[in-house]
Amino acid sequence: MHMIIRLVLIASVLLAAYSVVLTLYLFPWAWAAIAIGAAYGAARKGRALYAHGTARFADITDLPGAQDE
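Take the sequence shown: its letter number 36 is residue 734 in our numbering, and every next letter is one higher.
Be careful, since some hints might not be right.
Said to hold, decoys possible - Each pair of labels, with its calculated beta carbon distance range: (1) T759 <-> L713: 41 to 49 Å; (2) A737 <-> Y716: 34 to 42 Å; (3) M701 <-> R754: 16 to 24 Å; (4) P762 <-> Y723: 51 to 59 Å; (5) A736 <-> H700: 29 to 37 Å; (6) M699 <-> G763: 42 to 50 Å; (7) A709 <-> G739: 35 to 43 Å; (8) A741 <-> I703: 55 to 63 Å; (9) A728 <-> L761: 45 to 53 Å; (10) H700 <-> I732: 30 to 38 Å; (11) G739 <-> P762: 39 to 47 Å; (12) S710 <-> G735: 18 to 26 Å; (13) A753 <-> L713: 47 to 55 Å; (14) I734 <-> V711: 21 to 29 Å.
Treat the hints as calculated values from the structure; they're not laboratory data.
As the structure is a computational prediction, the values presented were derived from the model and not from experiment.
The beta carbon of each residue, even a glycine, is placed where N, CA and C say it ideally should be.
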């Protein structure tokens with residue numbers, strides 16, 4: 699089942715890329731609309747993509763039932 703889902707995901711990414719390329723081929727100025735949309739999305743205020751330094755590497759004590767020797 700996981701293999702089928704993985705293949706569907708790969709196919710959907712390839713089809714999305716193909717649709718962007720086809721749109722840019724059929725409408726030469728479509729890159730401007732895509733660029734404006736990307737700039738708008740980047741400039742929009744949203745959640746930060748970082749954790750403010752709260753991440754740490756796991757060690758053996760993080761495993762359930764593990765004893766520190």
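Hint numbers contradicted by this structure: Hints 2, 3, 6, 7, 8, 13 not satisfied by this model.
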